[in-house]
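In the order they appear, the protein sequences are chains A and B. For the first sequence, the residue numbers in numbering that gives the first Met the number 0 are 0 to 271. For the second sequence, the residue numbers in numbering that gives the first Met the number 0 are 0 to 271.
No lab work stands behind these hints: they were computed from the structure. Nothing here was measured: the structure is a model prediction, and the numbers come from that model. Be aware that a few hints might be false.
Pairs involving identical chains hold if they fit within one copy or between any two copies, as the list cannot separate such chains.
Only pairs whose alpha carbons sit at most 20 Å apart, straight line, appear in this in silico SDA-like list of lysine to any residue [as the list claims (entries may be wrong)]:
| no. | residue 1 | residue 2 |
| --- | --- | --- |
| 1 | K197 | P155 |
| 2 | K197 | L31 |
| 3 | K136 | A223 |
| 4 | K197 | S208 |
There are 2 protein chains.
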Amino acid sequence: MSSHGRSDAYVHGYSAREHARLVDQAATLTELLHHDTRYPPDARVLEAGCGVGAQTVALARNSPGARFTSIDVSPQSLEVARARARAESVENVAFQQADIFELPFPEESFDHVFVCFVLEHLPRPGEALARLRSRLKPGGTLTVIEGDHGSTFFHPDDADAHRAIDCLVTLQARAGGNALIGRQLFPLLAQAGMRDVKVSPRMVYVDSSRPAWVEGFTRNTFTAMVEGVGEHALAAGLVDAATWASGMAGLRRAAEPDGVFCYTFFKGVGVK
Amino acid sequence: MSSHGRSDAYVHGYSAREHARLVDQAATLTELLHHDTRYPPDARVLEAGCGVGAQTVALARNSPGARFTSIDVSPQSLEVARARARAESVENVAFQQADIFELPFPEESFDHVFVCFVLEHLPRPGEALARLRSRLKPGGTLTVIEGDHGSTFFHPDDADAHRAIDCLVTLQARAGGNALIGRQLFPLLAQAGMRDVKVSPRMVYVDSSRPAWVEGFTRNTFTAMVEGVGEHALAAGLVDAATWASGMAGLRRAAEPDGVFCYTFFKGVGVK
């Protein structure tokens, strides 16, 4: 671990080397999720719910000849996404403010549609898919990628860590979302009228032979995400402070040299 | 599903067609778990805990030039394994009654060791691995495959189904085993002194686009296995009858056309 650990040389947050490594790390997750999404030249592709553009650059780079329209409901997020695309010299993406439930495009106007980490936040994911499908040309594909917090397990097992994760699931449900949506992609796509639906799990398996994943995924992605809702979970009375602290310690324990951490994303593709 | 369902034509158990399909099904799981285990010609390989030979035929067929010694502590199981190998015309396996904790072989007498679905039943899996390692020549590999019942999740989610699975985990723990051992292969192999340990998860993902897996894995393997401990779990007071029935209904529900079922096996390989 030492060659990947924090060095004494940096004080203000991450060193340049650390930052480069975390970017590599993100690229590895990008590879796991996106490597098999490639659109042909001149394809018109709608990315629905691009947020701050976390997936947009990878998506556009993997299909340099395709033309992307990346929409989000938040103008603030779009500003970040635009700046990010500009910084990365990505030129085949047009950003546009739009709501998935009120799409400002004619029916059958896109060759393909791509949705990543969006359905988990929507109260009516099936309706969103049906609306997106209507904008697809016949024969076009609809690709959906989602995580599933209920797929999480680790060694050593820890009941309080599972309770902490359950808080995240409960809070997301109260906000109208569904943190267990990954496992549902097959029925969601099928019920939205897509055919030839194929879903493939993408498990992130992390042990200490993969130190970049221990740091980049177990600690700085998943554990940080759970930790981030701590105050909210405590304020909502979902958990007491001692259990929460114990749960967070349990998650950190899984990132130790003899620990193991598993999380599964799902990718589903259907044809109209 | 109808083309894969039971036909009216058979009354006494499975029809020939059904049987052929289940064999295909097992072959598919065999492929998932064993396709990347290939030993060179003349390699001496110890299969420790072969049981009734469920893995032995696939193992021996994948490495026709290697010479296997398949041991089990149970003479009755070995008789079944021998008959199975004979029926399949497998000729590169010698069966022998032996205990993993009292191996009747000199140190460093095998080129490779293979262990599948054995550690989950042992009270001291680490000690078993250490003993097996001692019989390995330097540079040889130790391959371990185990499931992990805690990796199970499904759609629709069902708390009683999880309770039923937990009964299986509890009963296995009371019998001295560990049904959550799959996730632990990395630390177990590392602590046994193996180096270059690589663990890969093998997720069985089942939705109704894979009807052979719905029938062969979700229903006839996993659900049947849980159902099989029902009387024991009830007698031990781990669960009440209503919860158990509800849990079993929940598992069967995941095999319906809009259901999804996920289970993960782990394969670990280390070098001496």
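Practice problem: May I ask which of the numbered hints given earlier this structure violates, with the numbers listed in increasing order? | Solution: 3
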